[in-house]
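Line by line, the protein sequences give chains C and S.
Under our numbering, read the first sequence as residues 1 to 260, first letter to last.
Under our numbering, read the second sequence as residues 1001 to 1148, first letter to last.
Don't read these hints as lab results, they were simulated from the structure.
A couple of the hints might just be wrong.
Claimed, not checked - Mimicking DSS-like on lysine-lysine, the simulated pairs with C-alpha atoms at most 25 angstroms apart in a straight line are:
| id | chain 1 | residue 1 | chain 2 | residue 2 |
| --- | --- | --- | --- | --- |
| 1 | S | Lys-1080 | S | Lys-1103 |
| 2 | C | Lys-127 | S | Lys-1083 |
| 3 | C | Lys-227 | C | Lys-52 |
| 4 | C | Lys-52 | C | Lys-107 |
| 5 | S | Lys-1115 | C | Lys-163 |
| 6 | S | Lys-1080 | C | Lys-40 |
| 7 | C | Lys-41 | S | Lys-1079 |
| 8 | C | Lys-227 | C | Lys-163 |
| 9 | C | Lys-190 | S | Lys-1115 |
| 10 | S | Lys-1103 | C | Lys-163 |
| 11 | S | Lys-1080 | C | Lys-165 |
Claimed, not checked - Covered stretches of chain S, as calculated for chain C (at least 3 residues, CB under 8 angstroms):
| id | stretch |
| --- | --- |
| 12 | 1067-1078 |
| 13 | 1090-1096 |
Because the structure is a prediction, the values reported are computed rather than measured.
Every residue gets a Cβ at the ideal spot worked out from N, C-alpha and C, and that includes glycine.
Chain by chain, the residues:
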Amino acid sequence: MAFALRLLLGLLLFSTAWAQPIELIYLEGSLTAQEEPLVKKSLDWIASAYEKQGLNPTRVVRARVFQSVREFHSYQKRHRSPRDGSPLSSTGYFSTGLDEVVLWRSKRFLPIFIHEAHHALLRSTYKNPPKWLNEGLSECFEGLELGPDGQIRLTPQAPRMRKVKRYFGPNFGRQVLEMLALSSRRFNAKSYTRGLDSYTLSWALTYFLWTGENGPERVAAIIGDLKLGEDSQTAVERHYPGGLDQLALDLQNFYFELTQ
Amino acid sequence: MKTSLTIFLMTLMLAGSAWANPMRFGRTDSPARFRVDLPGSWARGKVEGCFEDTSGSRLQAIMAENPERTVANTFPDWKKRFKQQGYEVREITLGGEPALMAKGTDNSLGIVLHKGYQVTLMLNVSNTEIRMDELLEQLGSTFQWLSP
């Protein structure tokens, strides 16, 4: 009897854990048999992290994978018209209108797939996130990798880390927090900045918040306030012990150590 | 009765904290065979490896072995890099060694070479009444290398 109960409980837990695996629907091309498990595992890791915080992201991602940049550009020109000053992408994008991840097999294909698919996950639970959060978290999850134990782990994303290392200075913490006040248009304009661009600074903020003490809980609490219409500075100030001044100082010290 | 009990408890707490932290001198642990000391108002900070002074400023030093580095092959590039980013770079002396400090709004970042080691410094100022220039002067006059 006890064995039957244990078996039933085990089956129940197993079925709950695997009730909604990430489903990839290919609209064009596909991932290879080697790529797909890694991408699914990474997206499942992200979705599960959000679910633990009471968010309910989609587990279905529609993807259009082009083999060449020419096909990608051609499709993008016909189907994309960004209204916030976003430039046409050279690698990939997520279309909110068509609910699809569109990309081509560029040099950093897999991290970009995870980046764009994260937009699909986040936007399914929070329609209009601010740029620093939306892009910052997507950049952050580009650092997901499979550890030697077969488990997914979050590491500092290499290209962003290289930039922080190169341009780290005494005002770094303050520069990061400037992202909280940027409109989408100004965020896009600052993405062209030579040195610490808006994507790098937003990555630095979200990576620090997510990997810090109670990171996912804190990020979810910030998202909760933003959803209620709170502005980014107030939401982050409220949920960071010591407020923005302390956060600037902690960012400064965290990246000082990480860049040495 | 209640007031005197509160005063008694507060005195006890202050005495306790003084007993718990009797030294007002901080020392970094270092992979090198030397240590940094900042006499005066600086004490070991709450954050491991940092010094804090009584006004809330904080100094952190990270040391890495790098015998190839010399003032001649390191300082000009370092200075140029921070100047290009818009920082004022000050040349100071720390314990007899030339050092560079790039000044930010409430932080300064510095570099000094000592006995085959590169020491990167960061100074945080959390007290708005303190002027960074004064703090850098204080740092220059109190910084010491301690040999084992």
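Results for each hint:
no. : hint                    : result
1   : S:Lys-1080 x S:Lys-1103 : holds, 14 angstroms
2   : C:Lys-127 x S:Lys-1083  : violated, 42 angstroms
3   : C:Lys-227 x C:Lys-52    : holds, 18 angstroms
4   : C:Lys-52 x C:Lys-107    : violated, 33 angstroms
5   : S:Lys-1115 x C:Lys-163  : violated, 29 angstroms
6   : S:Lys-1080 x C:Lys-40   : violated, 45 angstroms
7   : C:Lys-41 x S:Lys-1079   : violated, 45 angstroms
8   : C:Lys-227 x C:Lys-163   : violated, 31 angstroms
9   : C:Lys-190 x S:Lys-1115  : violated, 42 angstroms
10  : S:Lys-1103 x C:Lys-163  : holds, 20 angstroms
11  : S:Lys-1080 x C:Lys-165  : holds, 16 angstroms
12  : 1067-1078               : violated (count 0)
13  : 1090-1096               : violated (count 0)
Checked against the numbered hints given earlier, the structure breaks hints 2, 4, 5, 6, 7, 8, 9, 12, 13 and satisfies all the rest.
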